[in-house]
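Keeping their order, the protein sequence lines are chains A and B. Residues 1 to 273 (this note's numbering) are what the first sequence spells out, left to right. Residues 274 to 540 (this note's numbering) are what the second sequence spells out, left to right.
These aren't lab readings, by the way, just hints derived from the structure by calculation. The hints are all genuine.
Here are the in silico distance ranges between beta carbons for each label pair:
(1) A:TRP124 x B:ILE351: 47 to 53 Å
(2) A:VAL264 x B:LYS385: 20 to 26 Å
(3) B:GLN411 x A:PHE102: 40 to 46 Å
(4) A:GLN160 x B:GLU379: 19 to 25 Å
(5) A:VAL264 x B:SER413: 23 to 29 Å
(6) B:ILE351 x A:PHE102: 29 to 35 Å
(7) B:PHE290 x A:PHE102: 33 to 39 Å
(8) B:TRP410 x A:GLY26: 56 to 62 Å
(9) B:GLU394 x A:GLN160: 34 to 40 Å
(10) A:VAL264 x B:GLY440: 30 to 36 Å
(11) A:ILE4 x B:GLU400: 41 to 47 Å
The calculated SDA-like cross-link candidates involving lysine to any residue, where the alpha carbons are at most 20 Å apart (straight line), are:
(12) B:LYS372 x A:ALA174
(13) A:LYS183 x B:ASP366
(14) A:LYS183 x B:ARG368
(15) B:LYS372 x A:SER179
(16) A:LYS72 x A:VAL84
(17) B:LYS372 x A:LEU181
(18) A:LYS72 x A:VAL257
(19) B:LYS372 x A:MET170
(20) B:LYS347 x A:GLY176
(21) B:LYS344 x A:ALA174
(22) B:LYS347 x A:SER179
(23) A:LYS183 x A:VAL83
(24) A:LYS183 x B:PHE428
(25) B:LYS347 x A:GLU168
(26) B:LYS347 x A:ARG177
(27) B:LYS372 x A:ARG171
(28) A:LYS183 x B:LEU381
(29) B:LYS385 x A:TRP182
(30) B:LYS347 x A:ALA174
(31) B:LYS372 x A:LEU167
(32) B:LYS372 x A:ARG267
(33) A:LYS183 x B:GLY405
(34) B:LYS372 x A:ASP163
(35) B:LYS527 x B:ARG491
(36) A:LYS183 x B:LYS385
(37) A:LYS183 x B:ARG388
(38) B:LYS347 x A:LEU167
(39) A:LYS183 x B:ALA371
(40) B:LYS372 x A:ALA162
Cβ coordinates follow ideal geometry from the N, Cα and C atoms, glycine included.
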Amino acid sequence: MLSIVALMLALVGLWELYRWIWSSAGFTWPFAVDSTSMPHVWTVLKAFGQPAQVNQPALATILFHKALFTMKESVVGFGIGAVVGFALGVLLVHSRLLQRGFLPYLVASQTIPILAIAPMVVVWVNPKLPASLQGWGAVAVIASYLTFFPVLINTLRGLQSADARALELMRTYAAGRWSVLWKLRVPASLPYVFAALKLAATASVVGAIIGELPSGLQSGLGGAIINFNQYYSVEPQELWATNIVAALVGIIFFLVVVGAERIVVRRAPENTA
Amino acid sequence: MSDKQPVVSVMNVTKTFAQGNVTALQDIELELKPGEFVSLIGPSGCGKSTLLRIIGDLVPPTSGSVTVNGKPAKQARIDRDYGIVFQDAVLFDWRTVAKNIALPLEMLGWDKEKRRARVAEMLELMELKGFGDHHPWQLSGGMQQRASIARAFAFEPALLLMDEPFGALDEMTRERLNLELLSIWQRLQSTVVFVTHSISEAVFLSTRVVVMSPRPGRIAGIVDIDLPDPRSVETREQPRFFELVTEVRELLRKRGEHLLPEEQELL
Chain A
1 MLSIVALMLA LVGLWELYRW IWSSAGFTWP FAVDSTSMPH VWTVLKAFGQ
51 PAQVNQPALA TILFHKALFT MKESVVGFGI GAVVGFALGV LLVHSRLLQR
101 GFLPYLVASQ TIPILAIAPM VVVWVNPKLP ASLQGWGAVA VIASYLTFFP
151 VLINTLRGLQ SADARALELM RTYAAGRWSV LWKLRVPASL PYVFAALKLA
201 ATASVVGAII GELPSGLQSG LGGAIINFNQ YYSVEPQELW ATNIVAALVG
251 IIFFLVVVGA ERIVVRRAPE NTA
Chain B
274 MSDKQPVVSV MNVTKTFAQG NVTALQDIEL ELKPGEFVSL IGPSGCGKST
324 LLRIIGDLVP PTSGSVTVNG KPAKQARIDR DYGIVFQDAV LFDWRTVAKN
374 IALPLEMLGW DKEKRRARVA EMLELMELKG FGDHHPWQLS GGMQQRASIA
424 RAFAFEPALL LMDEPFGALD EMTRERLNLE LLSIWQRLQS TVVFVTHSIS
474 EAVFLSTRVV VMSPRPGRIA GIVDIDLPDP RSVETREQPR FFELVTEVRE
524 LLRKRGEHLL PEEQELL
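Given the sequences, and given the hints that come with them, work out the whole structure.
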């Protein structure tokens, strides 16, 4: 904990030191430093306590609610992506034919930028959703589009990582496909799956924020980013504050997955992924 | 003993590997009576591990047949008639020692209470009491192998296949585990096929030692071990023990004339 605080302070110090050297020496490479390109850390921190617009609550309060909204989208998107990725992995690992038939398309799906498919997903998914899921439900689906892929690839790899002798041992027990899957392959795959879930945790936050843009949602961090972008030249500290909150959401999510891994994955210390 | 049905019958078994056209085993005939402890010994490439794996239906023979408990090897495997111990313990990292030992019992559909009782018994028997809740990586190599033996014996199979189980352990641990293995074998009255590189280990443990020679893998001779039971630390100091060790060594050497020099040095 102490080391985290020390690291934060060091980063703040570096930021301010860089600012001070560049502005006092008048360096213009790679960019000129002023209060627009690099606001003071304390300016950003102060922005949290003040309303962004007149007659509004403090920025921190607003961002807190927007962060909760985005978190809801990314948690659900993460969940959908993890389940779909894992299930596809289990399915494909049992059929070479399916793997060869489907995997190229699944890989291709990831080369399409998420911004290009997000509008279609909104149009396709939103009309089918009940009122309580309207809007943010489609964003969760967009987020899941970013999360299922690493989970799928690592699940495939992990399920194939079971020790050859362990498989032989299961053979001596005349174990069926399901027993081998649940008692050996899935537990053996968990370090790989969790490595992917860590990637997916942060990717789902990015997916949710990007997904909010074409959806025209104002309730989340994506909406806030678009909004504060327009005022950047005047009040850069508000976009910076939003970025800090977005990063915090990703970090919290990541840490939750790390915590879950500690509980679920029991391995020799040198074998944890 | 001769009137009882053999636990293992290996009939005219030949195994060739398509890759490189190697004859791993040629015309192997072998019969194991109930309660026997039979070691397979020979230099690398004599097919002793392959023979063990054919008995366990982990690889098929090219020709010939194997019966276990009077059934084809495959049926015996499906009926879980044997337990197996590999050179490595092959414990599942994500299970505690107790849960590892319970694995075959789960596969056999034992209920939880019965499993717990048997696992406690096996932990006691293999001197692992107090380590049931540990994870495998927290144990020494010798203790891991003990857990692996406990797992193999847990469901009291009629036959135990052991593929160089103590090969990776140091000499002292090995001798202690030899004694422990003998006591559990006598207690559960099972039949054991034991693959080893060590002449003294084979003589010490076995009722019969099957000496094999390589290229192609054949049985060079079988030595009946008439050492008094139960064997103990003193057994290794008896003159008869040394006579039998010499007899096995002679058989290995006689059949090893066609070996490369470095392989002969191993004998």
